[in-house]
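> Spelled out, the chains give:
2 protein chains.
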Amino acid sequence: MAKEQFVAQIADIEKDFPQWYTDVVLKTRLVDYGPVKGTMVIRPYGYAVWELIQKHLDGMFKAEGVENAYFPLLIPMSFLSKEAEHVEGFAPEVAVVTHAGGEKLAEPLVVRPTSETIIGNMYSKWVQSYRDLPVLINQWCNVMRWEKTTRPFLRTSEFLWQEGHTVHASAEEAEEETQKMLNVYKTFAEECLAIPVITGRKTEKEKFAGAVATYGMEAMMKDGKSLQAGTSHYLGQNFAKAFDIQFLDKDGAHKYAYTTSWGVSTRLIGAIIMTHGDARGLVFPPKVAPVQAVIVPIAAKKGGVNEACAALEEKLKKADIRVQTDYSENSPGWKFNEWEMKGVPVRIEIGPRDLAEGKVMLFRRDTLEKREAALDSAAETVASLLGEIQKDMLEAARKRRDERIVYADSMSGLLAGVETGNFVKAGWCGDRACEDKVKEETAASARVYAEGESAQTCVCCGKKAKHMIIFARAY
Amino acid sequence: MAKEQFVAQIADIEKDFPQWYTDVVLKTRLVDYGPVKGTMVIRPYGYAVWELIQKHLDGMFKAEGVENAYFPLLIPMSFLSKEAEHVEGFAPEVAVVTHAGGEKLAEPLVVRPTSETIIGNMYSKWVQSYRDLPVLINQWCNVMRWEKTTRPFLRTSEFLWQEGHTVHASAEEAEEETQKMLNVYKTFAEECLAIPVITGRKTEKEKFAGAVATYGMEAMMKDGKSLQAGTSHYLGQNFAKAFDIQFLDKDGAHKYAYTTSWGVSTRLIGAIIMTHGDARGLVFPPKVAPVQAVIVPIAAKKGGVNEACAALEEKLKKADIRVQTDYSENSPGWKFNEWEMKGVPVRIEIGPRDLAEGKVMLFRRDTLEKREAALDSAAETVASLLGEIQKDMLEAARKRRDERIVYADSMSGLLAGVETGNFVKAGWCGDRACEDKVKEETAASARVYAEGESAQTCVCCGKKAKHMIIFARAY
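Protein chains in written order, with my numbering: chain R, 1 to 475; chain L, 1001 to 1475.
Because the hints were derived from the structure by calculation, they are not lab data.
For every residue, glycine included, the Cβ atom is placed at its ideal position computed from N, Cα and C.
Hints may contain errors.
Said to hold, decoys possible - Derived CB-CB ranges, DEER-like:
no.: 1; chain 1: R; residue 1: Pro92; chain 2: L; residue 2: Thr1022; range: 32 to 42 Å
no.: 2; chain 1: L; residue 1: Ala1091; chain 2: R; residue 2: Lys399; range: 56 to 66 Å
no.: 3; chain 1: R; residue 1: Glu176; chain 2: L; residue 2: Gln1128; range: 36 to 46 Å
no.: 4; chain 1: R; residue 1: Glu403; chain 2: L; residue 2: Tyr1327; range: 34 to 44 Å
no.: 5; chain 1: R; residue 1: Gly430; chain 2: L; residue 2: Ser1081; range: 20 to 30 Å
no.: 6; chain 1: L; residue 1: Ala1213; chain 2: R; residue 2: Tyr130; range: 50 to 60 Å
no.: 7; chain 1: R; residue 1: Pro332; chain 2: L; residue 2: Gln1128; range: 21 to 31 Å
no.: 8; chain 1: R; residue 1: Gln179; chain 2: L; residue 2: Ala1091; range: 41 to 51 Å
no.: 9; chain 1: R; residue 1: Glu103; chain 2: L; residue 2: Gln1009; range: 43 to 53 Å
no.: 10; chain 1: L; residue 1: Glu1176; chain 2: R; residue 2: Tyr327; range: 39 to 49 Å
no.: 11; chain 1: R; residue 1: Trp334; chain 2: L; residue 2: Gln1128; range: 15 to 25 Å
no.: 12; chain 1: L; residue 1: Thr1149; chain 2: R; residue 2: Trp334; range: 55 to 65 Å
no.: 13; chain 1: R; residue 1: Gln179; chain 2: L; residue 2: Lys1302; range: 36 to 46 Å
To be verified - Cross-link-like lysine-lysine pairs, in silico, DSSO-like; alpha carbons within 27 Å at most:
no.: 14; chain 1: L; residue 1: Lys1250; chain 2: R; residue 2: Lys27
no.: 15; chain 1: L; residue 1: Lys1317; chain 2: R; residue 2: Lys82
no.: 16; chain 1: R; residue 1: Lys62; chain 2: L; residue 2: Lys1186
no.: 17; chain 1: L; residue 1: Lys1318; chain 2: L; residue 2: Lys1437
no.: 18; chain 1: L; residue 1: Lys1205; chain 2: R; residue 2: Lys62
no.: 19; chain 1: R; residue 1: Lys55; chain 2: R; residue 2: Lys301
no.: 20; chain 1: L; residue 1: Lys1250; chain 2: R; residue 2: Lys301
no.: 21; chain 1: L; residue 1: Lys1082; chain 2: R; residue 2: Lys317
no.: 22; chain 1: L; residue 1: Lys1241; chain 2: L; residue 2: Lys1186
no.: 23; chain 1: L; residue 1: Lys1027; chain 2: L; residue 2: Lys1062
no.: 24; chain 1: L; residue 1: Lys1439; chain 2: L; residue 2: Lys1148
no.: 25; chain 1: R; residue 1: Lys186; chain 2: R; residue 2: Lys241
no.: 26; chain 1: L; residue 1: Lys1391; chain 2: L; residue 2: Lys1222
no.: 27; chain 1: L; residue 1: Lys1082; chain 2: R; residue 2: Lys37
no.: 28; chain 1: L; residue 1: Lys1015; chain 2: L; residue 2: Lys1186
no.: 29; chain 1: R; residue 1: Lys255; chain 2: L; residue 2: Lys1027
no.: 30; chain 1: L; residue 1: Lys1317; chain 2: R; residue 2: Lys27
no.: 31; chain 1: L; residue 1: Lys1104; chain 2: R; residue 2: Lys104
no.: 32; chain 1: L; residue 1: Lys1437; chain 2: L; residue 2: Lys1205
no.: 33; chain 1: R; residue 1: Lys317; chain 2: L; residue 2: Lys1062
no.: 34; chain 1: R; residue 1: Lys148; chain 2: L; residue 2: Lys1104
no.: 35; chain 1: L; residue 1: Lys1225; chain 2: L; residue 2: Lys1027
no.: 36; chain 1: R; residue 1: Lys125; chain 2: L; residue 2: Lys1335
no.: 37; chain 1: L; residue 1: Lys1250; chain 2: R; residue 2: Lys180
no.: 38; chain 1: R; residue 1: Lys464; chain 2: R; residue 2: Lys27
no.: 39; chain 1: R; residue 1: Lys463; chain 2: R; residue 2: Lys205
no.: 40; chain 1: L; residue 1: Lys1241; chain 2: L; residue 2: Lys1222
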């Protein structure tokens, strides 16, 4: 009874996915709306996920030789204008500081939407010789892009992210870095978030404003829409020329450097929710679950139950498992529902009968399966179960996604494909007009080039196809 | 010879402390000036210090039950005005966003100078019942205060910090939290930064705009000036009333809650530099040293030296020591100077003769002492030496400071005391007029009440003293 009432608080995931998402993020206290339209407050349960994402990714960056730094929030408006495409792309959505310290500023300052310009300005000072290269710097910070339509984690005027900015002596080296970091993201998404991703180059229309080439990683959400979960840009000499990043090379000549940038954001939290969530709420992959296991005492007033829970909690903590015991006055059923909604990977139930038999009951949030385990070795069992869940969640997500990638050779096929929640592979002639028309008629955009695949004809105009594209509706 | 040339790049610490500071922070690449006046770029070597500060402090906060969250950067101007003292204190130094997304905003938004108001707004929504209390939340973020005179780390228009914001059911509990977090800061400053601090209550003039009481921790820099290194505020019901943070108490009555806030910032990096630095440059306490030990190969071309360095580096890494080996082409003398300037606590020299004798040479940055150690057990020796340095640096700083706390019972005595680089204890009648006059005539401000001490007469007016105050010139 309690269960139905509780679950009823969340909209039906099959019938109204957007409302399900909103219900889940608010009711599990991941996030709340800020007082200014389009802003979010990341609450402790949500921020804990971001901290885990940071910890894992930051370690991967450092293993690649990347160091962290911090650059100023406010960028002179004139910096944006130095790279023509960049200003065109970002000027319409910046927030502008016009007054400070009680006075009108001589030059308006932009709240960073991304930091290529201000970092380029510093790099031009720091990079003098080939000995100074490569520069491999990342920053974790807030950025702001004024958006008309917003949703927590997916699109908000302010969000948290990391942005890596590197400088290299040659195009080859910069291109290699672009790919390397794209692969770091892919590894991270799959191994830590259990989200299978498709990586590939973006079309001219979809690329970053100012890049030579943008590579994206796209993940399929449970409604079949795509979420761009990270991007890596090869910037060529565009920003080096705009900001005069030159170095004295070994051959004695002054040369413009080659730069890259790459980023992922709190959007990844949205990707986790929409990849793994189900009718009961959140389902966290263990590696980024704020709580990996919750212990629920059953009939706790009977002798020894709470003590056994506390002892097991200690053991799990020693095994580096993020665990907590729910000693609250709520009924076991209520607790089950709450922790299921909050997406905790493993629930451990301990009651008087279990104790007497030296057992515990384990519940897997991802598959909803129950099994018994010996109390004595419960910590080891839970540790190995968490590893299993992490692996199984990736495979389950991969299977779901692979079943929903279809091929279309006509506009009606493409439309039907995306309308029924698929990624659609289709040929493209390479003309922007066809790309625009696909968007207009099907609401699907070109997500990435399908690497290593070719097509006969353009899905739109029927002319010879130059590329195979993965089209999808997207967040 | 090389040594003198190298060191000559830094101004004489005895003759020109401010220039010494500027030279050291720039030349060691801790920081650089940003393109907008008053802003700084925290470079990788400086940011690594901040990461270590964050790691230690964050662990201490979590041990006290504090969770992290993230609140929006932009605050509606009207929020500031809800607390009368708060707006008076902060309005003159805010940066204001007036335009966003290509349009003029209906209400200007302030870039947060501190977040009591926007967090108070959210807490009024989250706190409903005594069951929701206490709320213990912290955020790590950037803040902005438009300053006329700026110096890297010490005073910049944007800086990084953490701000804790807690809500409690009673005044006693909130006051206790205020003291608890002040003590966390004190423990952290002394144990991690090796900076002895004096904690105490601030005068009305010096307190946080909107607080009932502000407690500060003050550290003596090498020039005898004080640096406010952290503050903890008891806010009473001021913000609870301004933002309607009410809860239904056990007795069925609706009551206003009591709040606190507390923060430390990247200013702590300035405190480290000016507490421990010397004529050769930086001196890092091991716990926050980005590099704790540097290995310098001597006559590296001779057989086995580089290999021995690499093997030792591995051993040190396994012992969780942050170590690096300088294989560059520079001369040993040049390397010694560079790593001394960069403040690395321990230098390990390995040459062919050392190798033959199974020894290494260890150099302590803090005392400039050299000693031999067995190569075989070098990792253990270095680990224990780092612990020793950490402890000795605190004691040395404490001794220096304690020798420079004097007592004065006249304005001329007070002036002479601060002019010769001391903290001066003196009686105060409690009148703002006397506090202002001391500032005007000696450039010293009341840092904190000297706890548990009393004085006979006011140093300024000669009337009966109500308090003993620690006066100092301050950053």
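> Is Lys1241 of chain L within 27 Å of Lys1222 of chain L, Cα to Cα?
violated, 43 Å
> Lys1104 of chain L and Lys104 of chain R: Cα distance at most 27 Å?
The given pair, whose Cα atoms are some 15 Å apart, holds under the 27 Å limit.
> Cβ-Cβ distance between Glu176 of chain R and Gln1128 of chain L: within 36 to 46 Å?
55 Å Cβ-Cβ, so the 36 to 46 Å window is violated.
> Quick check: does the Cβ-Cβ distance between Gln179 of chain R and Lys1302 of chain L fall within 36 to 46 Å?
Holds, at about 41 Å.
> Does the Cβ pair Trp334 of chain R, Gln1128 of chain L satisfy 15 to 25 Å?
Holds, at about 19 Å.
> Below or equal to 27 Å on CA atoms is what counts here, so check Lys255 of chain R against Lys1027 of chain L.
Distance ~26 Å between Lys255 of chain R and Lys1027 of chain L Cα, so the pair holds.
> Lys125 of chain R and Lys1335 of chain L were given as a pair; does the straight-line alpha-carbon distance stay at or below 27 Å?
Since the Cα atoms of Lys125 of chain R and Lys1335 of chain L sit roughly 24 Å apart, the hinted pair holds (cutoff 27 Å).
> For Lys1317 of chain L and Lys82 of chain R, compute the direct alpha-carbon distance and say whether it is at most 27 Å.
Violated - the C-alpha atoms of Lys82 of chain R and Lys1317 of chain L are around 45 Å apart, more than 27 Å.
> Between Lys1205 of chain L and Lys62 of chain R, is the straight-line Cα distance small enough, at 27 Å or below?
At roughly 46 Å apart (the allowed maximum being 27 Å), Lys62 of chain R and Lys1205 of chain L break the hint.
> Assess, step by step, whether the Cα of Lys1250 of chain L is no farther than 27 Å from the Cα of Lys180 of chain R, and give holds or violated.
Roughly 58 Å separates the two Cα atoms, so the pair is violated.
> Going straight from one Cα to the other, do Lys186 of chain R and Lys241 of chain R come out at no more than 27 Å?
violated, 30 Å
> Lys1439 of chain L and Lys1148 of chain L were given as a pair; does the straight-line alpha-carbon distance stay at or below 27 Å?
Holds - the C-alpha atoms of Lys1148 of chain L and Lys1439 of chain L are around 19 Å apart, at most 27 Å.
Going down the numbered hints, you'll see the structure goes against 3, 4, 5, 9, 10, 15, 16, 17, 18, 19, 21, 22, 23, 25, 28, 30, 37, 38 and 40, while the others check out.
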